[in-house]
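> Given next are the chains, with one letter for each unit.
Protein chains: 2
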Amino acid sequence: MAKEKLVKEITSMDEDFARWYTDIVKKAELVEYSSVKGCMVIRPYGYAIWENIQKNLDNMFKETGHENVYMPMFIPESLLNKEKDHVEGFAPEVAWVTHGGSEKLNERLCVRPTSETLFCEHYKNIIQSYRDLPKLYNQWCSVVRWEKTTRPFLRSSEFLWQEGHTIHETEEEAIAETERMLNVYADFARDYLAIPVLKGRKTEKEQFAGAKATYTIEAMMHDGKALQSGTSHYFGDGFAKAFEIQYTDRNNQLKNPYQTSWGVSTRLIGAIIMVHGDDNGLVLPPKIAPSQLVIVPIATKKEGVLEKASELYDRLKASGLRVLKDFTDQTPGWKFAEYEMKGVPLRLEIGPRDIENNNCVLVRRDNGEKVIVSLDNLENEVNAILEDIQASLLKKAEKNMAENTFDATDLEEMKKIADEKNCFIRTMWCGDRECEEKLKDVVGVTSRCMPFTDEKLSDTCICCGKKAEKLVVWGKAY
Amino acid sequence: MAKEKLVKEITSMDEDFARWYTDIVKKAELVEYSSVKGCMVIRPYGYAIWENIQKNLDNMFKETGHENVYMPMFIPESLLNKEKDHVEGFAPEVAWVTHGGSEKLNERLCVRPTSETLFCEHYKNIIQSYRDLPKLYNQWCSVVRWEKTTRPFLRSSEFLWQEGHTIHETEEEAIAETERMLNVYADFARDYLAIPVLKGRKTEKEQFAGAKATYTIEAMMHDGKALQSGTSHYFGDGFAKAFEIQYTDRNNQLKNPYQTSWGVSTRLIGAIIMVHGDDNGLVLPPKIAPSQLVIVPIATKKEGVLEKASELYDRLKASGLRVLKDFTDQTPGWKFAEYEMKGVPLRLEIGPRDIENNNCVLVRRDNGEKVIVSLDNLENEVNAILEDIQASLLKKAEKNMAENTFDATDLEEMKKIADEKNCFIRTMWCGDRECEEKLKDVVGVTSRCMPFTDEKLSDTCICCGKKAEKLVVWGKAY
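Chains as they are written, first to last, in the numbering used here: chain A, 1 to 478; chain B, 1 to 478.
These aren't lab readings, by the way, just hints derived from the structure by calculation.
Here the structure is a predicted model, which is why all the values come from computation and not from measurement.
Keep in mind that the hints are not guaranteed to be accurate.
In this list, chains with the same sequence are indistinguishable; a pair is considered to hold if it fits within one copy or across any two.
DSS-like cross-link-like pairs, simulated, lysine-lysine; straight-line CA separation at most 27 Å [said to hold, decoys possible]:
1. Lys212 / Lys135
2. Lys438 / Lys470
3. Lys82 / Lys104
4. Lys416 / Lys466
5. Lys27 / Lys255
6. Lys287 / Lys55
7. Lys26 / Lys135
8. Lys135 / Lys335
9. Lys27 / Lys62
10. Lys37 / Lys104
11. Lys62 / Lys26
12. Lys55 / Lys325
13. Lys317 / Lys287
14. Lys55 / Lys317
15. Lys135 / Lys55
16. Lys301 / Lys325
17. Lys62 / Lys287
With the rest of the complex left out, here is chain A (with noise of 0.2 Å):
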């Protein structure tokens, strides 16, 4: 009755890294998918990531003097259409409600592909005089947009996520609120996803429907390509003058706010994958990962083993680790392969010869090692290693960056490099969209941000030559 071992049945990331990946969602028991078109299901596991993400990414929000509230789901046609830009940019990739039970509606409602014009239409109710001001609100929830092409967790027609949408009194608490943010993106992703990115502005190709400046976070998965794993927009007024959200000043004058939004979503999944996972599956980041330990007795008849393995859980648990334990019939081989296959951060083996010796073994996930410790000093022994786990994580993340970034300042030495490898590529550019649009065609990049420095490679627009002031991080994107 006992299953394969799972860790057979995965295609290598060398082979064919999309297989690889699908085959970790599926194998790592995150999702299933549905009948419905484009969306999923996500399991116990996936959804267990999800909640950490949701806990620890809240808590700064909060801190950050954030409140979560809960929008209706639906949009009256009328609301979405009232800022072109926006209308423009999500109308092609909404679902459209037309029937409430057997009654067709006066007006169609599409599903909330995101909820600007319904934050909108909130402020506009609320919000009087600068007393009111800033809202800064956020909420947590499941969007949904059209996709032709969906793959789980990166790209999918419903998808869970976090919006935040705030108003201010000025253009400079505005845009202030909208890098803070994006500084608590990059921070989080880095302290807890154990995944560095680059920060940056998206060209305006790249920006966000309605917005007048987005900002990015991009990180680089294994195979070398992009993901952009979390946006920030500055709004300036476009919005509130659409929507008439008027407040009265400090001076007694009638004024528009101004405004911003930003979210991550359950994509961040999809990067935790493709920057750690390996070929014997997921590999998890202590700090997000539903359990940090797993016990996995070793004979486990013998007289006092399971009482020994008990008691190391009860002691871990008490300590404040997520702790799991595997006392079930499959055989140890059978166990190591199925956490090593969840991605669980630190394997702690106990069998009679080590509780004679008053010892245990702990196996790291993310390189194997193994070492023998003392009972006496467990929680302490594990702490450190999940902290040492944390950090070598982030510093492979780091190297793979590192190495897979270029400049360039010529067109055939950018296109050489993107031909060789998926990478960064570092290259100066006028400005032009037509340049923008070139390099997508004939190097195979898109622009991934805009990074916030004053560094120059070179005078010149690495496409038309004519002179250029921005340098741009370039590469294929998820």
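Dock chain B against the given chain A, drawing on the hints supplied.
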């Protein structure tokens, strides 16, 4: 510029309970209406109550072995149609998505009114053997039911809830789960919301579409009306048969598993309002209040007052309490009314004379009692009072339910009781739907539940006089 004293604007509950309710949800800033028919915006203060409900209930679910998942929000029409009773119950009130972007869909999708069908499809995919059972899943999400008449929290077209869906090897196990979760709900209502509930089984007429048995917790509001506050359903193997879910049992035979589902929603916030609120606004039980105590400094311009108030804020926060401080330039009177409206359980006033005497004043929201306490022992005093408030609220609600529950053995008597006031009326019932419907027409009540008891008030049905085994509690319901 100062806001008006809010409390002046509320309708008295004795004058018009429905308007009083609507005034509170608006004035305490729990919800705001939106342009989407029957949908509401849950504002930060309302959502913070929901977050506290979620956090504590979720802990109780996890302690009883449940795991969270996320299912798609759409159900293809063919999937909804698979279980006959279920689709009949829900099809008339679902929202239909017919278009994705500009394309008409091949098959309509409904926005989930509840997710039995999706869980069944998923269970069919992942369950093969008795080793895969039980699955104890839950999800937090929003659902849509196209309601004609809506009221914030009580009945809205979209609402937030949790829905547990479990699947088991045996009938006994599934029934035990159905009962266990009903008890979790009842315990939660009593221990966190300070709301006593009646536990029982629904009559067949009031049963969930597709269920073999529906259990319910029924709470009595301040006005004597009933609010169905949570339900737990036993499905037998009906859904499993309709969806062809089978597993290989311990004797290697193919069998259909047994299922349950159970849910509570933001309706619980409506219950809190209507059980504990008064003419000054909301009254929140300390265990789920977003802020348990608010600090209002008196004579803020006097030297040392704000410093002392800040010091107390830090001390109380450090002790683990949820504390708010209001150092704005509004008058103390305005602040008192404001936090009474918002139902903050305890108010701490501190002014120059208090500081001189090393004292502060604590004022209870539930009964207005004022006590002067020494600052030396503040944390303990506050905790003791909060515990007493929690206990007093429960006691008061229990008293209201006890005083407004009556037995009747005669139809005229029952009618007289029901005409006089809203209340629970206990009678014997033969079990016939006809009698149930007649009582609705003649007495104006619906069956709330059949409590789990062997108690008998007589041997005959209050309506038809035939032999009756069942004790039923009747009432007017929201």
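> Any of the earlier hints contradicted here, and which numbers?
none
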